[in-house]
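Engineer: Given chain A, work out where chains B and C should sit, using these hints.
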Amino acid sequence: MTTVKASATAEHLLGADLGLTRDQLLDMYRLIASTRALDERMWILNRAGKVPFVISGQGHEGAQVGVCYGLRHGHDWMVPYYRSVAACLTFGMTAREIMLAQFARANDPSSGGRQMPGHYGSAIHNIMSQSSPVATQVLHAVGIALAAKIRGTDQVAVTSLGEGSSNQGDFHEGLNFAGIHRLPVIVVVENNGWAISVPASQESAVEDIASRAAGYNMPGVIVDGSDVLACYRAGREAIDRARRGDGPTLIEAKVTRLTGHSSDDQQTKYRSAAELEAGRGHDPLPRFRDQLRAVGVLDEASEAHLTAEIKALVEDATDWAEAQPEPDPATARRHVYAESEA
Amino acid sequence: MPKVTMPQLGESVSEGTIGKWLKQVGDHVDKYEAIVEVITDKVNAEVPSPFAGTLTAILVPEGETVPNDTEIAEIDGGGEVVAASAAPRAPVALAPAASFGPAGSDERPVGDYEGRVTPAVRRLAREHEIDLSLVPGTGHDGRVTREDVLAYIEQRRTGPGAATPTVSTAAPASAAPASAPAPAARAGEDELVPTTPMRRAIAAQMIRAKSTAPHAYTTVEVDMSGLVALRDSVKADYQAREGIGLSFVPFVTKAVVEALRKHPDLNAHWTDQGLLRRRHINIGVAVAVDDGLIVPVVHDADGLSINGLNKAIVELAGRARAGKLRLEDIQGGTFTVNNTGWFGSVSSQPIVNVPEVAILSMEAIVKRPVVLATPGGDAIGIRPMMNICTSFDHRATDGAQIGRFVQDVRMWLESVDVNTSVW
Amino acid sequence: MAIRTLVESIRETLADEMRRDETMIILGEDVGPKGGVFLATDGLWAEFGADRVMDTPLSESLIVGASIGAAVNGLRPVPEIQFADFIFPAFNQIVSEAARLRYRSNGAFGCPITIRTPYGGGVHGALYHSQSVEAFFAHVPGLKIVVPSTPYDARGLLRSSIRDPDPVIFLEHKKLYRSVRGEVPDTDYVVPLGRAQVTRPGNHVTVIAYGLMAHYSLEAAELVAAEGISVEVIDLRTLRPLDAETVVGSVRKTGKCVIVYEDNRFGGYGAEVAAVLAEDAFEYLDGPILRVTGPDVPGVPYSHTLEDWFMVDPDKIADAIRRLAAY
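Chains as they are written, first to last, in my numbering: chain A, 1 to 342; chain B, 1 to 423; chain C, 1 to 327.
The following block holds chain A by itself, in its conformation from the complex (with noise of 0.2 Å):
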């Protein structure tokens, strides 16, 4: 089990060690900044009543946009979970697709407005479509990464979860097997310290999900969610160890929950005030943003000029997606089996 860290001083060009360019550290700002524009703007038409249901990732954009970065669009697969707004969009998925699924419009990519939104996936973009009952998508992942490796594809299958999940049978039954067989998965472990409203201490017998990874004979690698280089270098060299046939890795990021688990949750009820303070203070987003603009990544005009963008993008999503058509109960036997999509 390793901790990892970015290392940034003023000298060394942000993420130049990792290979990244500024381009791409202001993508994955932009990813996470319009990722939590996103998520906000979700939860304000949950208040005001235009969609029954939310359930999000604020505070864990950093963990996802960081880790699946290094990702190849269109070759490796996504299994991810129901808070990886961020993760989706980073493996291309677009704001409007995602507002599709709030809306449950009937050409929502994700499900046609079948699941609850949360559910993202996309056939094109090789993210696999998600189910409610947790963990499960870990065999999915493992089972994924087994087919390339039968065929040889050098593909990487990348899954996550939270913590809470991580105490389900599938995630250990899916470990082990990748184990034995060093597929190439990397199970991504979302620790935002609770299960709904179950405390981690109370939801798995050891503080470190990552140290389960001996048990499964693969490396265990704890990472700040809240550094997106930190997360960023963890991903790569899980992806790196993947392709090229070293097996699996397990990735615990630590990250913080920003809202109740859903918009039928009220945390208040079991977080203190200064649990929730001091939560914010993990937030990614702001972090990173000091960290671009100490380094002049980002500046006062480019911020602004991104800010407007965000704006302008999540506005857009919002009134494009809502305007769609909804679902036709004419069309809601297709596609229970294959023939039935005539």
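Because the hints were derived from the structure by calculation, they are not lab data.
All C-beta atoms, glycine included, are put in the ideal place defined by N, C-alpha and C.
Watch out, some of these pointers could steer you wrong.
Label-pair restraints from in silico Cβ distances [what the hints assert, rightly or not]:
1. C:Val190 to A:Lys311: 55 to 61 Å
2. C:Gly228 to B:Asp417: 56 to 62 Å
3. A:Ile196 to C:Tyr189: 53 to 59 Å
4. C:Pro165 to A:Ile196: 32 to 38 Å
According to the in silico footprint, chain A covers these stretches of chain C (three or more CB under 8 Å from chain A) [claimed, not checked]:
5. 54 to 65
6. 70 to 77
7. 102 to 116
Structural biologist: Here is chains B and C on its own, set in the frame of chain A:
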């Protein structure tokens, strides 16, 4: 708005002709009041309205023939819907969402049958217009099974059956071997009389009887002197008391009833499964009417005295000639008596009214010289003699059985004397 | 034409399909060098190697879950669950994931896997090696459930199942594995899913069955034929989708129906068939729809006296036929 539909008048009838509207549009109609005369193959009947209300529309004009269940009139009952017959049940499709027939689609009667009826049996009875009380049941506890009904349908189709749809849909000639085409009517010389429904029905029934039941015949002579004496002695009183005449028909009917009591095999219907002995003795008495022949039935004749029989027969004959018979008047017969004597016949070979197994004709009473046995030896006397000609279905019975039967008929008639009570 | 037992037919069909389709893989417990606890995959590991005939850990959820993932990434997995009694750890993956993947993604993803598993009793297997599980899965839209009863059908149906783009649960009655033999042509024939077969025509009573019961029903039909009862036997072959047309058509003809399944009676698969008939053949029924089933006890007991009591057999079926014929 409730609609009156063409009812099924008589077994095997599939259509009816509107004869005469008894009510006009705008008239008030009581529930079950007759509103129209309908002519069918079998019977002319007055059809009652199932609802009370105002007759608001006549949908089929006089003279038009329509199939059963056709809507013929509208009654505005102000909300009362007591449909006596509804639209026919739609066929059940294979679709998962089963299409049920309209409520009350069981109203097409399957007779007064009170036994257990499964859906299959009920459906078949309805589709083929079967009175289930006529079907022998071989199932558990005597249940009429689907096989029983199918067999009944088959024997009715191939055997003597009066319940298959009549030739309303097919020309009578189709049932008979193709005969030479009728010569074209020459205008001004020949006259083509169109076949009436009744004539068609009679033709079909006769063909069916003759082509399926092998007929055999027997004739006995009856010495009617006692009966003639009795009748002569009471007829005036009877006429005065009852207001109707007393013919020989009820006596012969009574003799037949008594003989049938002793020979239940002849109070029966022929079926492929076997002889269906009927419990009730329902005597059909053939009546000549304007354009043909009809056989109204005296139900439970064994419960009637001679007077009772006479009244029943006279009343039925009267209504038959007036075209006012009801459905129950022509259904359920178990044996037929035919009076051919009135026009002087001394011998006839009547056609068995299938599916009954025998028919009896009473011929003319003719005074004849007969040989009488006297203590002093044979002598010639004059007696009123009447032949009884019995035809029978030789599948169902044999000469010996018939012989005993007609003996019993004869002996009963010959036992009548002035002391016999007619009441 | 070759004569094969049921398991031989399955094994050869798996081999044929593996040769025909290089994306097909087999995975499960003991499927590799051992060739499966019933030898259903015997010889396949030697021919196709460990990559394509893979021994998995004792993890049923993994067996199915990994198959789902592999199917999404271009393979055609045919996993084996060693006994149907042990399928329940994989229930979540089968019902929540495999069955729903196409529907929940609005057609973006599919799940072309065929889960093979031996089921059924009468082999001294007791509670945990004798179960019937079709009722749990036939209930789920998105799954297909197939039960061959003959070597011929096994080959044809297994081909159709493997080639089907949707998840199929292929139930193999373990008592039939070696006890039923039949002709299996060498050709590339398929038996389409969703088609029942009238294995014996008749007129008085329809008997509907599948698996081992399809054989027992034929025996029962033979028993009562001598008594003048003409029985039409239908082997369903596919439980979902149900060939309602054949089944309803037959009962419309005969008017009487006995449905046979060895599973527990209450809520068993045959109850659905009875409901379909009650709706779609009601006007043609000349007697109640009867079921001959296993009793409602939690499992097939081991001792032969108890197992014989549990198991449906030809005599029990014949009794029901007689009762119904006499109704």
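Engineer: Go ahead and decide if the range 32 to 38 Å is satisfied by the Cβ distance of proline 165 (chain C) to isoleucine 196 (chain A).
Structural biologist: Given a distance of about 37 Å, which is inside 32 to 38 Å, the answer is holds.
Engineer: Has the region 54 to 65 of chain C got at least three residues whose CB is nearer than 8 Å to a CB belonging to chain A?
Structural biologist: holds (count 7)
Engineer: May I ask you to test the hint 53 to 59 Å on the CB atoms belonging to isoleucine 196 (chain A) and tyrosine 189 (chain C)?
Structural biologist: 54 Å, holds
Engineer: Under a C-beta cut-off of less than 8 Å, do 3 or more residues of the region 102 to 116 of chain C approach chain A closely enough to confirm the stated coverage?
Structural biologist: Holds, because 9 residues of the region 102 to 116 of chain C bring their Cβ atoms closer than 8 Å to Cβ atoms of chain A.
Engineer: Lying within 56 to 62 Å: is that true of the beta-carbon distance glycine 228 (chain C) to aspartate 417 (chain B)?
Structural biologist: 58 Å, holds
Engineer: Range hint 55 to 61 Å: satisfied by the CB atoms of valine 190 (chain C) and lysine 311 (chain A)?
Structural biologist: 58 Å, holds
Engineer: Do three or more residues of the region 70 to 77 of chain C come closer than 8 Å to chain A, measuring C-beta to C-beta?
Structural biologist: holds (count 7)
Violation of the numbered hints given earlier is absent; every hint is satisfied by the structure.
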